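Protein chains: 2
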Amino acid sequence: MGHRLEDMSASARLADPDEGISVQELALAARNHGLPLEAMRYEVTPPGLHYVLTHYDIPYADEASWRLVLDGRVRRRLSLGVDELKAYPAVRQRVTMECAGNGRALLTPRPVSQPWLVEAVGTAEWTGVPLRVLLAEAGVEEDAVDVVFTGADHGVERGVEQDYRRALPLDVARGEEPEVLVAYAMNGAPLPPQHGHPLRLVVPGWYGMAHVKWLHDITVSGTPFNGFQQAVAYRLRQDADDEGEPVTRIAPRALLIPPGFPDFMSRTRAVRPGAVTLEGRAWSGRAPVTGVEVSTDDGRSWSPAELDGADGHRWAWRGWRCSWTATPGHHVLSARATDAEGRSQPLDQPWNRGGFENNLVQRVPVVCLDPEDHG
Amino acid sequence: MGHRLEDMSASARLADPDEGISVQELALAARNHGLPLEAMRYEVTPPGLHYVLTHYDIPYADEASWRLVLDGRVRRRLSLGVDELKAYPAVRQRVTMECAGNGRALLTPRPVSQPWLVEAVGTAEWTGVPLRVLLAEAGVEEDAVDVVFTGADHGVERGVEQDYRRALPLDVARGEEPEVLVAYAMNGAPLPPQHGHPLRLVVPGWYGMAHVKWLHDITVSGTPFNGFQQAVAYRLRQDADDEGEPVTRIAPRALLIPPGFPDFMSRTRAVRPGAVTLEGRAWSGRAPVTGVEVSTDDGRSWSPAELDGADGHRWAWRGWRCSWTATPGHHVLSARATDAEGRSQPLDQPWNRGGFENNLVQRVPVVCLDPEDHG
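Residue numbers (the working numbering), protein chains in the order written: chain A, 23 to 397; chain B, 23 to 397.
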């Protein structure tokens, strides 16, 4: 074995047909975590329950000395401390964020990476300064095309040593709906370390890879950004040598709060016969969710659920509920969201090599116990 | 398939020799999470980074209406709201907590349960009322032997439907060193939902299973407690039909903060040639840590590390550090703690059917890159 970066950092691969989850995948699952689905009861997710994915290490950040530099194709370079950012008029937005790789571990074949099942989601209230305000203050040059964001987390991925870095097209970066934020608070408190302390980007409607954490540099670029996380990772590809399409906005999805109580090991749910309220959340980064349907017979039939109002929170999930009369036996519960542009969730597995943008409907196996069974 | 609790809830098992991590184990790993090891840089762990293990679901808790009842073999039954508990003199203790199953996923054969590697640990400052104060107020009867703690999380485990419930011997429950707490704050803020909001038990020096979360009932018992989590789970057994010994206090362990930077997928660390500071934390629930040794050659030779003072925090981990001169090539780093009673960490795998109390020394593979290799 050599001792060069390329020797320690393998190419992307697919798991063999009968390959269990590897210790490498488990090491990622032990560091990162999803939203325990019962925590969907909270409209705004408490910070420690919101899903977390960190590519490399959580960097150490000293808020007092942190600087955010905005430069590149601008007329005036900005360098701002966190206190200076807090002096701008603050904007607070409720945003549902989902990892682009959510659902990956359920795919066949399974792309070997962070092995999410369905739980890589959360909703927070982010407070910060609109990026468009900072870009206007710096004065974007005519030839600008992309805005590149650099975080402080450092590592190697498929042989490429890098700081985590992503870009947005200029029109998205200075858009008003959604409004991209440079955020310094989550649910009204300073960002926790794992959510980007002291500064992160928030791009409502986009998958998590766009919301660069530990943000310290914004560079306006006159050429399209071609970095690893943009051109190599986070592309929709069927084959390894496809150029692929970029991963951008969140596809519609609904998730159920699993009813009843769980078996510790299998997570199978038990309910008792009678009326059971089924509830959950639904979201789409493409267009507002307009409907949620529920199935209690493993997708054979569907009934509409009652959908909460959006309450002005266009970029956050919406609650939904319906009632179900449970009868003894085995059941599989599912929910399916549809958005205003007619997008819905597939019943058969979509697939791409990265395991991105997967919004296959969730299946929640439930055992309705015999009436006399009390353990 | 039947639809009784016993049909949906399997017995404990060991993984087959070449069985990868199962989707069931992954579902636990996606809900629960460890401490990202770089977060050992914080002497007190931020709440969202502290390890979390929830047996069943995180229950919904309304702090305003929550009651803690203390009854059983006492002269006076107590029923206390959270505000009433806050009116007692508050005690704040810094405590390192570790899951009894930490290290389980590295065992051969692997007990199938929550698949921890080495990261199921964290240190917090817990504020609450000493349990001995509440027991004294209630007046413990002469025939009392155990104190039983019931949490609000409800589920089924190996066929047994239950609220999570554990006991302590009376002398431990009313001990002064360590002092068991009924805690309502973590790091100075209300308990987060996943850490037992609004009340939990804190038993300094004991593995996590003793620190009952969502605590609502304390029953003083005149007979030894024989519940599932005491008599069936959390026992040290070689064979399934052994009676086994109970899991109690935390065995000594040291962990390294992995130096350098990681490969995203393998988590292998890269460092560059030259001086590298190695640092980490060490703890024991049995007796104070008196020494930490470090190996940079996969356990062939060991050198003492410099150990921080305990600073009056007897039940919290201690920091340690040493310097290493990295040379190009592959290295395996390890650290090993010893406590005042002479206990240390094994270099060969200890094993029991539950995968409990495992304190095998950690191995951190590191590649020291060639000087000219910059990715």
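Be aware that one or more of the hints could be misleading.
As the list claims (entries may be wrong) - Residues of chain A clear of chain B, computed beta-carbon distances all greater than 10 angstroms: (1) 107; (2) 127; (3) 201; (4) 214; (5) 216; (6) 301; (7) 375; (8) 382; (9) 390.
Claimed, not checked - Quick look at which bits of chain A chain B covers, simulated, 3 or more residues with Cβ under 8 angstroms: (10) 52–60; (11) 72–86.
To be verified - One side of the interface only, derived from the structure: several residues of chain A facing chain B at Cβ under 10 angstroms: (12) 47; (13) 49; (14) 66; (15) 69; (16) 139; (17) 140; (18) 258; (19) 260; (20) 263; (21) 286; (22) 343.
Hints listed in this document are in silico derivations from the structure and should not be mistaken for laboratory results. Bear in mind that the values here come from a model prediction, so they are computed numbers and not experimental data. Ideal placement from N, C-alpha and C gives every residue a C-beta, glycine not left out.
**Message:** Flag every earlier hint the structure violates by its number, smallest first.
**Reply:** Of the numbered hints given earlier, those the structure breaks are 2, 4, 5, 9, 14, 18, 19, 20, 22, listed in rising order.
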